[in-house]
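Chains as they are written, first to last, in the working numbering: chain A, 1 to 261; chain B, 1 to 261; chain C, 1 to 261.
Watch out, some of these pointers could steer you wrong.
Treat identical chains as interchangeable: a pair holds within one or across any two.
[Said to hold, decoys possible] Here are the computed lysine to any residue pairs in the SDA-like style, where the Cα-Cα straight-line distance is at most 20 Å:
{"#": "1", "residue 1": "LYS198", "residue 2": "GLY208"}
{"#": "2", "residue 1": "LYS198", "residue 2": "ASP216"}
{"#": "3", "residue 1": "LYS219", "residue 2": "SER165"}
{"#": "4", "residue 1": "LYS212", "residue 2": "ARG15"}
{"#": "5", "residue 1": "LYS219", "residue 2": "TYR59"}
{"#": "6", "residue 1": "LYS219", "residue 2": "PRO68"}
{"#": "7", "residue 1": "LYS199", "residue 2": "GLY5"}
These aren't lab readings, by the way, just hints derived from the structure by calculation.
All figures in this text were calculated on a predicted structure; none of them were measured in a lab.
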Amino acid sequence: MKFNGRNVFVSASARIGENVRIGDNATIYDNVEIGDDSVICNDCVLGEPLNVYYSDSAYRNPPLVIGPNALIRSHSIIYAGCRIGDGFQTGHRVTIRENTEIGEHCSVGTLSDIQGDVIIGRYCRLHSNVHLSKTSSLGDFVFMYPFSVLTNDSAPPSADVKGGSIGSYTQVGVHAVVLPGIQVGENCLIGANSVVTKKVDDYSLAIGDPAKVVMDIRKYVVMGKGHPYPWMYRFDRGMPWQEIGFDNWMQQESHKKPAWS
Amino acid sequence: MKFNGRNVFVSASARIGENVRIGDNATIYDNVEIGDDSVICNDCVLGEPLNVYYSDSAYRNPPLVIGPNALIRSHSIIYAGCRIGDGFQTGHRVTIRENTEIGEHCSVGTLSDIQGDVIIGRYCRLHSNVHLSKTSSLGDFVFMYPFSVLTNDSAPPSADVKGGSIGSYTQVGVHAVVLPGIQVGENCLIGANSVVTKKVDDYSLAIGDPAKVVMDIRKYVVMGKGHPYPWMYRFDRGMPWQEIGFDNWMQQESHKKPAWS
Amino acid sequence: MKFNGRNVFVSASARIGENVRIGDNATIYDNVEIGDDSVICNDCVLGEPLNVYYSDSAYRNPPLVIGPNALIRSHSIIYAGCRIGDGFQTGHRVTIRENTEIGEHCSVGTLSDIQGDVIIGRYCRLHSNVHLSKTSSLGDFVFMYPFSVLTNDSAPPSADVKGGSIGSYTQVGVHAVVLPGIQVGENCLIGANSVVTKKVDDYSLAIGDPAKVVMDIRKYVVMGKGHPYPWMYRFDRGMPWQEIGFDNWMQQESHKKPAWS
Numbered sequence: 001m002k003f004n005g006r007n008v009f010v011s012a013s014a015r016i017g018e019n020v021r022i023g024d025n026a027t028i029y030d031n032v033e034i035g036d037d038s039v040i041c042n043d044c045v046l047g048e049p050l051n052v053y054y055s056d057s058a059y060r061n062p063p064l065v066i067g068p069n070a071l072i073r074s075h076s077i078i079y080a081g082c083r084i085g086d087g088f089q090t091g092h093r094v095t096i097r098e099n100t101e102i103g104e105h106c107s108v109g110t111l112s113d114i115q116g117d118v119i120i121g122r123y124c125r126l127h128s129n130v131h132l133s134k135t136s137s138l139g140d141f142v143f144m145y146p147f148s149v150l151t152n153d154s155a156p157p158s159a160d161v162k163g164g165s166i167g168s169y170t171q172v173g174v175h176a177v178v179l180p181g182i183q184v185g186e187n188c189l190i191g192a193n194s195v196v197t198k199k200v201d202d203y204s205l206a207i208g209d210p211a212k213v214v215m216d217i218r219k220y221v222v223m224g225k226g227h228p229y230p231w232m233y234r235f236d237r238g239m240p241w242q243e244i245g246f247d248n249w250m251q252q253e254s255h256k257k258p259a260w261s
Numbered sequence: 001m002k003f004n005g006r007n008v009f010v011s012a013s014a015r016i017g018e019n020v021r022i023g024d025n026a027t028i029y030d031n032v033e034i035g036d037d038s039v040i041c042n043d044c045v046l047g048e049p050l051n052v053y054y055s056d057s058a059y060r061n062p063p064l065v066i067g068p069n070a071l072i073r074s075h076s077i078i079y080a081g082c083r084i085g086d087g088f089q090t091g092h093r094v095t096i097r098e099n100t101e102i103g104e105h106c107s108v109g110t111l112s113d114i115q116g117d118v119i120i121g122r123y124c125r126l127h128s129n130v131h132l133s134k135t136s137s138l139g140d141f142v143f144m145y146p147f148s149v150l151t152n153d154s155a156p157p158s159a160d161v162k163g164g165s166i167g168s169y170t171q172v173g174v175h176a177v178v179l180p181g182i183q184v185g186e187n188c189l190i191g192a193n194s195v196v197t198k199k200v201d202d203y204s205l206a207i208g209d210p211a212k213v214v215m216d217i218r219k220y221v222v223m224g225k226g227h228p229y230p231w232m233y234r235f236d237r238g239m240p241w242q243e244i245g246f247d248n249w250m251q252q253e254s255h256k257k258p259a260w261s
Numbered sequence: 001m002k003f004n005g006r007n008v009f010v011s012a013s014a015r016i017g018e019n020v021r022i023g024d025n026a027t028i029y030d031n032v033e034i035g036d037d038s039v040i041c042n043d044c045v046l047g048e049p050l051n052v053y054y055s056d057s058a059y060r061n062p063p064l065v066i067g068p069n070a071l072i073r074s075h076s077i078i079y080a081g082c083r084i085g086d087g088f089q090t091g092h093r094v095t096i097r098e099n100t101e102i103g104e105h106c107s108v109g110t111l112s113d114i115q116g117d118v119i120i121g122r123y124c125r126l127h128s129n130v131h132l133s134k135t136s137s138l139g140d141f142v143f144m145y146p147f148s149v150l151t152n153d154s155a156p157p158s159a160d161v162k163g164g165s166i167g168s169y170t171q172v173g174v175h176a177v178v179l180p181g182i183q184v185g186e187n188c189l190i191g192a193n194s195v196v197t198k199k200v201d202d203y204s205l206a207i208g209d210p211a212k213v214v215m216d217i218r219k220y221v222v223m224g225k226g227h228p229y230p231w232m233y234r235f236d237r238g239m240p241w242q243e244i245g246f247d248n249w250m251q252q253e254s255h256k257k258p259a260w261s
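Construct all of the structure, not just a fragment, from the sequences and the given hints.
Written as C-alpha cells, this is what we have:
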C-alpha cells in the first residue's frame, strides 16, 4: 500500500541498511546512514543540509546516522550532523536540527521541534509539539508532554544561550516552560502550565508560575491510583524493565551504566 | 491552477465521489471513501495506515469515510479508521489519528493534532494548533482556540488514560489546558491560559490556574459588546441557525435531537 | 545535492528572478514574483490560492511578491496576496495567509502560523510556533518566542475581531498571550507564560497572568549580564547597526524613517 517507490530521491552517498522501506516522495541527502529494518515513511527529508550549504559551494553534508529499527513517520525532517540510536520513532512533521544526539529507543512526537545542539538520553518520550531550544539536554527515561518548552536565553535576544536540563525519569507536563539554564532533577513531576524559574531537586513535585515544590513526589497521592511515583514500578511499556520489573532490571550488570551517560 | 494530477496516488480500493478534486502529490490509501463535491488539496495523505501496518503483513486498512463537500487543505494527514461528516473543512498540516468520529460541518485548523479515539460533535470549530488527546470528546458547536489542550493522563506516564470532555456551545480559550477526565459543561467560556482542574458547571466563566468560576456567563459584560453570552444569539456564520435565528432553529423538528447525540 | 528539479511546478505567470534556486516538489502558483538570488526549498507552496478559488471559476490569484535574497525553508506555505520585503527567511512548515505585509529582513520560524491581514515591520524575528491572529501588527525589530500568541476576539466567537499590536524593539516571551486589541509599547519585555490584558507602556517589564508591570526595563538586572535592556546596545547579529553600533545607526539619514512606517 505504501512504499511504491514513487518520486523517491536517495543520494548515491547514502548508506541504506538491509530491509529498509522508504516511502513515496521521501528525500535522503548525502552521507545519511540508516540502520537495518528501518521504515522511513513518505515525504520525509533525511540529511537536510545546514544553513551554510546555501552559501558555500564547497559544502559537504556532515553525516546523519540513524540506528536500526527506526520508524520515522511521514513529513519529518532530520538534519545532517545528528546521531540517533536504535529503535528510534517519530510522529509526523517532526523537525530535528543539526548536532543533536539521541540515545536508543527514544520517540519524538508529531510536530515536535528540536532546535539543534541538543542531547537526549535513552528511552525518552517527547509527546506532540515539544520544543527543545539549542543546548538543552534530557537524561534517560524523560517524558515531555505537549507544548512543553526548554528555553535557553535569559535576556533575549542574545548570543549567550544555555538550555535547561531535565534529569532522568522526570515528567514535564503540558505547557510547562523551563527557563534558561535551569536544572530539573531526577524523578520529578512538573505540573501543567508551570514555569520553572530555579533549580528543582530530585523527587520534587513542582507546580505553578513560578513553579514551587509542593511536596516530595513519593508522597504524592492521586485519587484511585495510590502513590504513583516513582512511576517505574507501575509503567513498563517499551521500557527495558518490561516483564522483569524495574528493580530486577536495575540489578542487571548490563544496565548499571549511569543513567546520564 | 491547482489539481493538475501531478504525482497523485489513489488506491484502487478508494471510492471517490462525483466531482471530487484531488491536488498534486496527494496520496489516498486503501479503503478511503470521499463524498461528492469534495476538494482534497495538494500533499494530503488520506487513509494513513495504523501502526500495526508496519509489522503485520496481513494488515488491511480500516475504512476512512469522509462525507460530501469536504475541503481538506494541503499537507493534512487523516488516518484510516475515522468517520467524518458532511461539510468538513481543515486548515493545513492537520493530523487526525484513527478511530476519530467527527460530526457534520466541523472544521479543524492548521496544525491541529487529534490523537485518535476522539469524538467530536457537529459544527465544532478547532482553531490552529488545538491538541486533543486520546479519548477526549467535544459536544456540538464547541470552539477551541490556538494551543488549547485536552489531556488524558492524571499520573503520567500510564496506560490508564481518560480524556476531558467539553459540553456543547462552550468556548475554550487560547493556551487553556483541561486536565484528564475533567468535564466542562455546556455554554461555558474558559479563559486564556487557564488550567481546568475540576468539573465546570454549565454557563460558567472560568479563568486562572487553577481555573475558578468567576461568574455565570450570562452576566458577563464585555466593554462595547454588552452581554455577549450565550453567543448563539449574535453569531451565526456557518451555523445551522444562520438567517433564521437560534430560537427558531431550536424549534425546528429536524434539530430537536439532543446536542450530544 | 538539493535543487534537482524533481517534480517542480512553476506557473507560467510566475516571475522568477535571476539566480533563484527552487527545490524538489515545490509548487509556485499564478502571479508569484520572487526576487533575485532567492532560495525556495523543497516542498514549498508559494501563491496558495484564497478560499474563494474553490468556489469561483473566474478566480484570479492575487500577486505574491517576495523580495530578493529570500531563503524559504522546506514545506512552507505562503498565500497569494502577500508582500514580503528583501532578505526574508523562514524555518520549515511556516504558514502565512493572505494580505500579510512583512518588511525587510524578517524571519519567521518553524511552524509559525500567520493568519492573514497581518502587518509586520522590519527586522522582526518570529521564533518557532508563533501564532499571529488576523489584524495583528508588529513594529520593527520585534522578537517573538515559541508559542507566543496575539489574539483578536474579545468575545469569541464573533465577526468583530481586532488583533493586538507590539511596539518596536519589544520581546515577547515563550507561551505569552496578548489579548485582543491590546497594545504593547516599544522596548518592552513580556515574560514567559504571561497574559497581557491591558495596555503596556514603553520600556516595561511585564510578567504574570494577568501581566503586571514590575519595573522599567532599563532598571532590570540579570545575574551576570548587568542591565541587558535596551538590548540594541549588546546584540547586533543581523541587525542594521551591526558593526557600527546602534547610536551611530540611528544617526544615519537613511534610517531616520519612523520605526512604525
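These are the hints, each one checked on the structure:
Taking the shortest alpha-carbon separations for LYS198 and GLY208, both the intra-copy value of 12 Å and the inter-copy value of 16 Å come in at or below 20 Å. Proximity of LYS198 and ASP216 under a CA criterion of 20 Å is satisfied intra-copy only: 17 Å inside one chain copy versus 23 Å between copies. Taking the shortest Cα distances, LYS219 and SER165 never come within 20 Å of each other, neither inside one copy (24 Å) nor across copies (29 Å). Within a single copy, LYS212 and ARG15 get their C-alpha atoms no closer than 49 Å, and across copies no closer than 56 Å, so neither meets the 20 Å cut-off.
In this assembly of identical chains, LYS219 and TYR59 lie within 20 Å of each other by CA distance neither inside one copy nor across copies; the values are 55 Å within and 45 Å between. When the C-alpha separation of LYS219 and PRO68 is checked against a cutoff of 20 Å, the pair qualifies neither within a copy, at 40 Å, nor between copies, at 54 Å. Proximity of LYS199 to GLY5 under the C-alpha cut-off of 20 Å is found in neither arrangement, the shortest distances being 50 Å within a copy and 51 Å between copies.
Hint compliance for this structure: hints 3, 4, 5, 6, 7 are broken, all remaining hints hold.
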